[in-house]
Amino acid sequence: MEPQQPTFDGPPLSLEEELAAAKAEPEPKPSIETVNESLKDGLNRCPKCGSTDVRLRGSTGMLVCLFCRNEWQEARVEEEFGLGEGIEELEGTVIASGAENIVADVADQLTFKCEACGAEVVVDTAHALNARCHWCRHTLNVNQQIPNGAVPDAVLPFHLTKEQAVEKIREFASKRRLFAHGRFKKEFVPENVLGVYLPYLVIDARADAKYWGKGEVQTRRWTEKKGDDTVTYYAADVYQVARQVNFTVDDLTIEGSAERMDFGSENTNNIVNAILPFDTKNAVKWNASYLVGFTSEKRDLNVDALHPVLEDQLLSIGRSQVHASLARFGRGVRWEQEQIDVGGSRWVSMYLPVWLYSYRQESNGLLHYIAVNARTGETMGSIPVSQPKLLLAAFTVGTFLEGIAGAILVATA
Amino acid sequence: MTADLIVQAADDGVLWLLAAGPAGAAATYWAFYRYYRNTDKSHHFERDTIISPQPVQGGEEKIDHISRTRDSDIDGDNSRKFRERVQRIR
Ligand SMILES: [Zn+2]
Ligand SMILES: [Zn+2]
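Heads up: the sequence lines are chains A and B, in that order.
Under the UniProt record's numbering, the first residue of the first sequence carries the number 1, and numbering increases by one thereafter.
Under the UniProt record's numbering, the first residue of the second sequence carries the number 1, and numbering increases by one thereafter.
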């Protein structure tokens, strides 16, 4: 917030006015505290036998103790933090503790004191959120919410197994063999797929959207002779149109990594975006044991930076909502102005599971992905194209069509 | 089916017919390119998000009449292009 500047052309604010101004802008504080208190010492122990050899069992989405096979899971954040509720009453920007601003100068290296044997273990939070104590083999998890954006509020566990993901990717690629780049076909090894937790911000919001523009209704249609041709003419009424809609959205999901957000032509990031949505209602409280065996990417975008993205998406949603009310304008509507007022929003940071096969095309440096939503199995990808083969095919079709065209011309001449 | 199109096109003149080759080639190229690269795909958040709208409000007022035009629709119809942004009122 900009501090209130003294003005030269008016009287100073009264004490009451200043108090009211101060009250209107409370300090932004996380209103939803999502720290998992039971894991504070960095050790996630099996509740049955106390072992720390814990990992995710993909087929059930539960944590399993590798020592005694006990299975359990963290609470769903939806109920734990009341996320689905009260969207109509949201005021201002509500930020969960795991979605707070990333502080750049906090080091990525975290040192743990192993509770089991006392050794000091370093975890590089830029690349992993757990490590094994090399002395006693206890797994140490980064479960405190250190202010470097490494620890989100919630995690949606992997559900599809690696074998299922490999099958999806193979199926996707085999439907696109004919014009695939030869080198890609040779080097295609779907078994190299990686399980990655990608950072997202999941947003509930309430908004009021307004649109202004012109709409046209046809009043008459007739044809006139013009030499040998007939020409169709129209008459129409022009209207100034205004529409307004109030709505709430539940679990709008936006990429939390700048690199993923960038849909430029030099990458194929829209592929990862295209496998949304996830069943974010099933996300559970943060527990780094869900990450064992997977890689993860760190969030690097803050809520402030994503506000414009949210506003854009809300404007698009509002437009789609008012679309049905435009039926009488048969000649169409041209929106010219729009306005969005976000009454309130609630931001939760989540790790969502993706099976990612990536391939760098040598010839142009383009990074291609085939991504599988590890909850729904939705698969989307980009396959390097062999330009010569595709051009040849297009040319062949073109020549064939031109041949028919020529035959018709000769026949009708 | 393509041949049908061409026969229809023949009525509209020879030029139209001669364009069939290049047009068909370009269409073939783009159809396959899109199917392989999927550069146009994105998440349909307008449809696949839980949205609870209140009734749409608004109004319209007749401001003009076009008495004669060859245009069959309004210029710049963007009512379906939900993501195409226009002037923002703050
Ligand atoms: Zn156990
Ligand atoms: Zn130890």
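Some hints could be false.
Listed below are the simulated EDC-like cross-link pairs for lysine to aspartate or glutamate, each with C-alpha atoms no more than 16 angstroms apart in a straight line [said to hold, decoys possible]:
#1 81/B with 262/A
#2 81/B with 53/A
#3 62/B with 338/A
#4 210/A with 48/B
#5 41/B with 237/A
#6 81/B with 237/A
If we take Cβ atoms under 10 angstroms as the criterion, some of the chain A residues that face chain B in the derived model are [as the list claims (entries may be wrong)]:
#7 176
#8 234
#9 253
#10 271
#11 305
#12 306
#13 307
#14 324
#15 365
#16 367
Label-pair restraints from in silico Cβ distances [unchecked claim]:
#17 339/A with 47/B: 47 to 55 angstroms
#18 391/A with 15/B: 34 to 42 angstroms
#19 90/B with 217/A: 48 to 56 angstroms
#20 69/B with 391/A: 21 to 29 angstroms
FYI, nobody ran anything at the bench for these hints, they're computed from the structure.
Glycine residues also receive a C-beta, built at the ideal position from the N, C-alpha and C atoms.
### Distance restraint hint 21 to 29 angstroms, applied to the beta-carbon atoms of residue 69/B and residue 391/A
violated (41 angstroms)
### Pair hint residue 210/A and residue 48/B, alpha-carbon separation not exceeding 16 angstroms
violated (22 angstroms)
### Query
Holds or violated: is the Cβ of residue 176/A closer than 10 angstroms to a Cβ in chain B?
Holds, because the Cβ-Cβ distance from residue 176/A to chain B comes to roughly 5 angstroms (cut-off 10 angstroms).
### Query
Does the nearest C-beta of chain B fall within a distance shorter than 10 angstroms of the C-beta of residue 367/A?
violated (12 angstroms)
### When the least beta-carbon distance from residue 271/A to chain B is tested against 10 angstroms, hint result
At about 6 angstroms, which falls below the 10 angstroms cut-off, the nearest Cβ of chain B leaves the hint on residue 271/A intact, so it holds.
#### Entry: residue 306/A as an interface hint toward chain B, with CB separation required under 10 angstroms
violated (14 angstroms)
#### Entry: Hinted pair residue 81/B and residue 53/A, Cα distance within 16 angstroms
violated (52 angstroms)
### Query
Is it true that the C-beta distance of residue 90/B to residue 217/A lies inside 48 to 56 angstroms, as the hint says?
violated (31 angstroms)
### Proposed interface contact between residue 324/A and chain B, which counts if any beta carbon pair is under 10 angstroms
holds (8 angstroms)
### Message
Please check whether residue 253/A passes as an interface residue: C-beta within 10 angstroms of a C-beta belonging to chain B.
### Response
holds (8 angstroms)
### Given hint residue 365/A near chain B, where the shortest CB pair must fall under 10 angstroms
At 15 angstroms from the nearest chain B Cβ, residue 365/A fails the 10 angstroms test, so the hint is violated.
### Query
Holds or violated: residue 41/B with residue 237/A, Cα cutoff 16 angstroms?
It is violated: about 37 angstroms lies between the C-alpha atoms, which goes past 16 angstroms.
Hints 1, 2, 3, 4, 5, 6, 11, 12, 13, 15, 16, 17, 18, 19, 20 from the list above are not met by this structure, while the remaining hints are.
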